[in-house]
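Asker: Next come the chains, spelled out residue by residue.
There are 2 protein chains.
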Amino acid sequence: MALFLLLQPQSWTRELAQALITLRESLHPCSECGNLTDIDPCSICRDPLRERETLCVVETAEDLISLEQSGVHGGLYHVLGGRVSPLDGEDLPPDALNRLLRRLGEGSFKEVILATNPRVEGDLTYYAVLEVLRDRPIRISRLAYGLPIGGSIGFADRVTLHAAMEARREIQKSDSKRDPNQ
Amino acid sequence: MALFLLLQPQSWTRELAQALITLRESLHPCSECGNLTDIDPCSICRDPLRERETLCVVETAEDLISLEQSGVHGGLYHVLGGRVSPLDGEDLPPDALNRLLRRLGEGSFKEVILATNPRVEGDLTYYAVLEVLRDRPIRISRLAYGLPIGGSIGFADRVTLHAAMEARREIQKSDSKRDPNQ
Chain Y
15 MALFLLLQPQ
25 SWTRELAQAL
35 ITLRESLHPC
45 SECGNLTDID
55 PCSICRDPLR
65 ERETLCVVET
75 AEDLISLEQS
85 GVHGGLYHVL
95 GGRVSPLDGE
105 DLPPDALNRL
115 LRRLGEGSFK
125 EVILATNPRV
135 EGDLTYYAVL
145 EVLRDRPIRI
155 SRLAYGLPIG
165 GSIGFADRVT
175 LHAAMEARRE
185 IQKSDSKRDP
195 NQ
Chain B
15 MALFLLLQPQ
25 SWTRELAQAL
35 ITLRESLHPC
45 SECGNLTDID
55 PCSICRDPLR
65 ERETLCVVET
75 AEDLISLEQS
85 GVHGGLYHVL
95 GGRVSPLDGE
105 DLPPDALNRL
115 LRRLGEGSFK
125 EVILATNPRV
135 EGDLTYYAVL
145 EVLRDRPIRI
155 SRLAYGLPIG
165 GSIGFADRVT
175 LHAAMEARRE
185 IQKSDSKRDP
195 NQ
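Protein sequence lines, in the order shown, are assigned to chains Y and B. If you want the working numbering, it's the 1-based position in the first sequence plus 14. If you want the working numbering, it's the 1-based position in the second sequence plus 14.
By construction, these hints were calculated from the structure, which means they are not laboratory data. Only a predicted model underlies this, so the values are computations on that prediction, with no experimental measurement involved. Every residue, glycine too, gets a C-beta built ideally from N, C-alpha and C. Certain hints may be false.
Claimed, not checked - Distance condition first, Cα-Cα at most 30 Å in a straight line; then the derived DSBU-like pairs of lysine-lysine: (1) Y:Lys124 to Y:Lys187; (2) B:Lys187 to Y:Lys187; (3) B:Lys187 to Y:Lys124; (4) B:Lys124 to B:Lys187; (5) Y:Lys124 to B:Lys124.
As the list claims (entries may be wrong) - Residues of chain B placed beyond 12 Å of chain Y at every Cβ, according to the derived structure: (6) Arg60; (7) Asp105; (8) Phe123; (9) Pro132; (10) Glu135; (11) Arg183.
Working from the sequences, and respecting the hints, build out all of it.
Answerer: Given below as structure tokens:
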């Protein structure tokens with residue numbers, strides 16, 4: 015990268031440097047959801063077309079971007095801004111759970127989707143959030159774990175096969191033409 | 015491989031050749047479940063310790079081996095012996111569905127787990143089997159599709175994220191200490 019920069023005109027490098035400064039100065043967490051944004055609240059929180067009854071809780075803004083790019087969620091997000099990982103000495107930011115509770119108190123959410131990552135740290139984060147939500151009168155759900163689409167049983171690891179078997183879905187016969195997994 | 019064989023003693027190659035012939039002659043599909051076996055019925059069908067109320071239906075004996083190695087299923091299996099894939103000109107063997115129905119009629123199964131592969135061919139196979147099971151008084155379930163364990167939201171493809179979001183599980187709060195996905 016350094017060699018590449020040395021081959022560019024000086025003005026180009028100056029523009030890049032300025033862009034980096036602007037990026038760092040203008041992007042900050044959205045005061046509502048914690049997503050990275052240059053305007054507050056962020057474009058997702060301000061979007062009048064998004065439904066405001068489902069809140070998808072993610073660990074980081076990166077997870078939000080992945081979910082958003084795949085277009086799977088039409089509701090709002092909430093970025094915790096960290097994860098629970100005692101082995102790495104990581105924990106949620108001190109006010110993360112209070113921020114979430116405050117947001118739920120202010121909004122008209124009917125469902126919270128806990129979209130933590132499918133690994134140990136994600137599980138710990140999930141339980142930490144679940145703990146504070148348990149007594150709230152709100153529906154709580156979690157992303158499904160199982161076989162990734164396009165994969166095969168032969169290539170799935172043992173833990174994923176366990177999850178896929180444990181979380182197998184009963185097929186409603188009256189509705190069996192429509193597979194709930196699809 | 016050919017060069018490797020040429021470096022071995024002749025007796026070794028003769029033994030290998032004999033082993034291949036024996037393998038091909040002695041292994042055949044189990045008359046009950048379709049698993050590959052040298053004794054009929056196969057060791058899984060004969061095992062008195064396996065529960066006989068859950069039947070896991072797979073496409074091929076390879077899938078059975080993968081599931082069996084991961085130890086996720088304590089019941090019996092049924093190998094269809096093929097898959098529905100019109101683009102490849104593949105279909106289930108002519109008697110595959112009748113064999114399955116006959117097996118269900120003879121056994122005391124309470125649940126059929128459809129463990130087809132998480133791809134288009136697996137979906138088509140799933141629907142073909144579902145079609146003949148629909149009117150039977152038996153519980154039907156399907157392996158869960160979703161995020162593979164140990165992965166991350168950021169690396170999941172769009173279709174898998176869709177499946178994980180669609181099939182998200184509602185958390186029962188009374189039982190929320192125990193996550194059904196785990």
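Asker: Now look at each hint and say whether the structure bears it out.
Answerer: Each hint tested on the structure:
{"no.": "1", "hint": "Y:Lys124 to Y:Lys187", "result": "holds, 28 Å"}
{"no.": "2", "hint": "B:Lys187 to Y:Lys187", "result": "holds, 27 Å"}
{"no.": "3", "hint": "B:Lys187 to Y:Lys124", "result": "holds, 15 Å"}
{"no.": "4", "hint": "B:Lys124 to B:Lys187", "result": "holds, 28 Å"}
{"no.": "5", "hint": "Y:Lys124 to B:Lys124", "result": "violated, 36 Å"}
{"no.": "6", "hint": "Arg60", "result": "holds, 23 Å"}
{"no.": "7", "hint": "Asp105", "result": "holds, 19 Å"}
{"no.": "8", "hint": "Phe123", "result": "holds, 15 Å"}
{"no.": "9", "hint": "Pro132", "result": "violated, 4 Å"}
{"no.": "10", "hint": "Glu135", "result": "violated, 10 Å"}
{"no.": "11", "hint": "Arg183", "result": "violated, 5 Å"}
Checked against the numbered hints above, the structure breaks hints 5, 9, 10, 11 and satisfies the rest.
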